[in-house]
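Novice: Residue numbers (our numbering), protein chains in the order written: chain A, 1 to 337; chain B, 1001 to 1501; chain C, 2001 to 2326.
Since the hints were derived computationally from the structure, they do not count as laboratory data.
These figures come from a predicted structure and were not determined experimentally.
A virtual CB, placed ideally from N, CA and C, is assigned to each residue, including glycine.
Honestly, I wouldn't trust all of these hints.
Pairwise CB distance ranges (calculated) [said to hold, decoys possible]:
1) A:P299 <-> C:L2091: 55 to 65 Å
2) B:A1399 <-> A:L97: 52 to 62 Å
3) B:Y1185 <-> C:A2254: 34 to 44 Å
4) C:Y2110 <-> B:K1381: 50 to 60 Å
5) B:E1146 <-> A:K143: 15 to 25 Å
6) B:Y1068 <-> A:T194: 53 to 63 Å
7) A:L108 <-> C:G2156: 43 to 53 Å
8) A:A296 <-> B:T1316: 52 to 62 Å
9) A:L183 <-> C:Y2014: 33 to 43 Å
10) C:Q2203 <-> B:K1381: 40 to 50 Å
11) B:K1076 <-> A:V19: 50 to 60 Å
12) C:S2072 <-> A:A296: 54 to 64 Å
13) C:A2284 <-> B:K1076: 27 to 37 Å
14) B:F1080 <-> C:Q2203: 47 to 57 Å
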Amino acid sequence: MLAGLRGSNNEGVLALVLVVIVVAISILNPVFFSLTTMFSIMRGSIVPLIFALGVLIVIISGGIDVSFAAIAIFSAYTAVKIAQDGNFDPGLIVITLMAACFGALLGLVNGAVIANFRLPTLIVTLGTQGLFRGVLIAYVGSKYIANPPMSLDEVAKTNIISIVNEQERGAFLHVLVVPVIILTILVAWMLKRTMFGRAIFAIGGDDEAARRAGFPVVRIQMMVYILVGVLAAVAGVFHVTLGRNANPQDLVGNELDVIAAVVLGGASVFGGRGSVLGTVLGVLLIQVINNSLLLAGVPTAWQRAAVGVLLIVGVGIQALSAKRKTKRSFVTAQLGA
Amino acid sequence: MAKAYRALPVLEVKNIVKTYGGVKALDEVSMALTAGNVHCLAGENGCGKSTLIKIISGVEQPDSGSIYIDGKLQEKLSPFSSIMAGIQVIYQDFSLFPNLSVAENITITSQVAIRAKLFSASKAKIAAATIIKELGLTLDLSAKVEALSVADKQLTAICRALINDARVIVMDEPTTALTHTEVDYLFDVVRKLRERGVALVFVSHKLEESLQVSQDVTILRNGKHIISGIASEFDRKSLTQYITGRDVSEAREITSPVMTAKPLMEVSHLCSSGAFNDVSFTLHSGEILGITGLLGSGRTEIAEALFGVRPAESGTIEIDGQAIRVRTIRDAIKAGIGYLPEDRLTQGLFLDKSVGDNIIAGSLDKHRSAFGLLDGEGISKTTQSMFDRLKIKAKSVSAPVRSLSGGNAQRVVLGKLLANQPKVLILNGPTVGVDIGSKEQILEILRNEANLGRGVIVISDDSLELVSVCNRVLVVRQGEIVDTLTGSQITATNIQEMTTA
Amino acid sequence: MLLILIGSFALFTYLQPDIFLNPVNLQNIMIASPEIGVIAVAMMVAMLTGGIDLSTVAVANLSAITITTLYSSLMASDPARAAQMMPFIVLLGLVVGLAGGLFNGFLISYVGIAPILATLGSMQIFNGLAIVWTGGKTLYGAPEELAAVGKAGVLGMPTTFIALLVIAGLVAIFLNKTSLGRKTQLLGTNPVAARYSGINSRQVLMSTYMLTGLLGGCAGVLFLARNPTSSADYGSSYVLLVIVIAVLGGTNPAGGFATVTGVVLATLTLQTVASGFNAIRLSAYEYSIAQGAILILVMILDQASTKRKLNKGLNKANWFKKKARK
């Protein structure tokens, strides 16, 4: 009976965990339960969520991408640098588009190698991660850009909801939350309602069967990695905008938090399984934990270990329940025979 | 040999030649399919059946020869154009998507075929429901395919073929994983398909079945087209002759068991819910005991329970009068049981490792010397002696198993078992996918091992093989031993009658 | 592999003979190689079973930090005792590695988590613990004896380099000359057949990850021998590097095939390339580009050669492979 509430990828369980944690922390520290915290968690989720959407898509297709952070900073930094060197300010949208083009190109590199040669995706993207980052710093630029174009700065200071009350803490909902919500809905729609999305699931479920069913598997895999590149580039630009600086050394090294969020959200590293809802919950969960540790007085140093524990507990529960399920399904299959 | 008969064929292939790395997989093969008929494509494993299917489905291109659909020559058949022409292949593994729902699995290929851009789960459900209703089936449309039984997976695959307006459906070994009630049900569905005017191809190496449902027959052997004709013109014997290329002999050459007071192995009241029930038998030293039954009868499950793959829930096993507990495979091996699994490629062999590595894989712990290191000399002695004793044809013990023929690969698995000096050898389909010459030799190895005092259990649905080597044959039906054949009762006809009764 | 090593050596000798052939440079290659080599061997062992161990570097740091903290606190209170206890403290560092491996092994073989996720998580945990422990700072005060041993040399070879050769030799013996080692190789080739052959996959996986953990501990000791400081984020670029080395050394990431010799040679090659890049004045980032490019090229070439071999091979072999894939 509870099965329905659990959702196909345990989203229900995750939502429950999230609520329990929020309630628990709010009881421990009432300051936590406020619009301020909520908005700041949402702001903190902007970049990781876009990354996570990209990672979700690759993981569903049965691969993994650890080069997305390198792609993000490469694309964003290059776009910002072009604007700065050319001494013009095209605005957020054009910069994002420019970055997206770079992202697509780098994603194409991943996709072409993976799809055409059928190589292990983890190792290929580890390789391209080094490659992209190396090219960025060695050839594009290694300097920290402290003053990105004014238009980005403007956006950085724009909030759609600003509540300033008598207490010293105001609540601000950043404007970039809007495009992220739109992107999230678009990705969810694409995965559920388009044949491209279903093809991604199909390839992740059984790539040989997908080939036999007439899906252009190589082309779809390339598209997947291009899409991840584009999403990463957008995340990169948003990151630069929010941080109000462009640092080529940034982002790379934090891939694991994003992958952890997606996997916690119920996506299977073996492919074919995962949902946008689960991913959103996974990202929020990690943000909440990071935020609440701070509020609960736990030093930030513990954050990394906490994410590790969360990942292992989450994945461990999934692994154990999968083990039990195979045992059970074997018995029922036998009974059916 | 093939005669021209009846109406214009829906699909016709003529003089197909396909070569892989210098070996002719198909050599001048022709076949014509008629609407509303079932065409049986028969032959031993490796005779070229799979290659022919791949060519029909456009996955592989022939080196020469022509393909006609409705009398029209097809220049280049791709998987996509093959589907568009109404050709659907139901592969042995069904090629379904385990992570998607039944409804989506049924509809997805047709959506790909029309190059749809969008997908609607509710429309998929409606379309799938229509086809399921037409065939009078019951399937849970929103269940994920991974949760289905094998039979339901197959029905899903059939529905998927039909929703694409299939005019030709090729079924690759469709009955392999089904129980016989499920097979009957499948044949009902096949009848319905025939009424709809679908041309069917049944790829099978099981003769009874093939004769039961087919109207036309084509037989391949070693990539060559042996004969095509009307099913009613063949009988079991002639089919076997065409398939194997030799006369069928029911000659028996059996070992003489040692009838001691205590049998070598005694199995009593073994039960495993849903698989088999109250299985009891004895095995004597030097005896070759056959266990036969249809697929799904429980014969494999019994063997796997004895070997600890899926332990039995109750019952006892004794070896040499000692009760043993078999909870894991290691328990069984320790107790002196060796098992040759059904699928040697995935369960039996380390394909990329050498013959020697494979032979020693099960007995590494027995070849240790000082400091827990491996005894290299002992290992090479064991592997070389197995290599010679089983007459494995390979360059040397260091040749990779992947380069070996089926018969030789099977001998490598046997070598691995024998290196452990088991008291009881259980062999599940010892000669499946093995060429004729090798088959005789493998059976001879079994006789030799029995003569050395081992007890041998052969699980097989090849009645001639059972006739050839077994002292006794147990017949399993629906998880129970229903009969024991001994001496002159062991004939191919008897075995077939008993298993299907 | 040997050819590539000689080739790259020759190339850089040709490009910058003065700097590259300088004994100091050659010495540097031998000093930089051991810690990376040991971690690469660990990666290879994990890949041999078809898995991966991303946590080895974190384990190594944790072990180095343990040794440093214990030693420096003992040193502060009782210097004589510290010197006396030194071997035990180093041993404790190795035990930390082993414990880390035990944790990974438990997650992978008993809980059933995919190795990549298990070690990803444990890497975060080990690394997180190290950050908490050190407060993100670099610790000083590692045993000087270790550094002294590290600086010493036999026949012009640094002690640490000899340590690498010894460790590699021991792992090679384990993999090829012990029952457990051979089972590790078989399990990586075909886990199902391994099960039917009576191989205890839990035991094998457990010992595999304990070994990679122990090797991580060894690497931690080597860190200290090279440089008597420890921190949580030392060698963070090694994770990619050792995968490159393992694959370059002929390890099949899908499992079953790898040689210790290949990995050691690959380590030396990459270090040669690194110092060669240095000698011809290319930056660390250009080296990182080279790493990525080499990794991908090697895999593509490897793929192409397997394909060719298969096409050349018997039709039967092809047929088998297809059947096996089902």
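Novice: Take a look at whether the Cβ-Cβ distance between F1080 (chain B) and Q2203 (chain C) falls inside 47 to 57 Å.
Specialist: 49 Å, holds
Novice: Within 54 to 64 Å or not, the Cβ separation of S2072 (chain C) and A296 (chain A)?
Specialist: 31 Å, violated
Novice: Should the hint that Y2110 (chain C) and K1381 (chain B) are 50 to 60 Å apart at their CB atoms be regarded as holding?
Specialist: 37 Å, violated
Novice: For the pair Y1185 (chain B) and A2254 (chain C), does the Cβ-Cβ distance stay inside 34 to 44 Å?
Specialist: Since Y1185 (chain B) and A2254 (chain C) have Cβ atoms about 40 Å apart, the given range 34 to 44 Å holds.
Novice: Kindly confirm whether 53 to 63 Å is satisfied by the beta carbon distance between Y1068 (chain B) and T194 (chain A).
Specialist: At 37 Å between Cβs, range violated.
Novice: Is 55 to 65 Å respected by the C-beta to C-beta distance linking P299 (chain A) and L2091 (chain C)?
Specialist: Roughly 31 Å apart at Cβ, these two residues miss the hinted range, so it is violated.
Novice: Could one say that the CB atoms of A2284 (chain C) and K1076 (chain B) fall in the range 27 to 37 Å?
Specialist: Check failed, 52 Å falls outside 27 to 37 Å.
Novice: At the C-beta level, are E1146 (chain B) and K143 (chain A) separated by a distance inside 15 to 25 Å?
Specialist: Given about 52 Å between the Cβ atoms, the range is violated.
Novice: Is the hinted range of 52 to 62 Å satisfied by the C-beta distance from A1399 (chain B) to L97 (chain A)?
Specialist: 58 Å, holds
Novice: Given a hinted range of 40 to 50 Å, is it respected by the beta-carbon distance of Q2203 (chain C) and K1381 (chain B)?
Specialist: 27 Å, violated
Novice: Taking the beta carbons of K1076 (chain B) and V19 (chain A), is their distance inside 50 to 60 Å?
Specialist: 58 Å Cβ-Cβ, so the 50 to 60 Å window holds.
Novice: Should the hint that L183 (chain A) and Y2014 (chain C) are 33 to 43 Å apart at their CB atoms be regarded as holding?
Specialist: 52 Å, violated
Violation of the numbered hints given earlier is confined to hints 1, 4, 5, 6, 9, 10, 12, 13; the remaining hints are satisfied by the structure.
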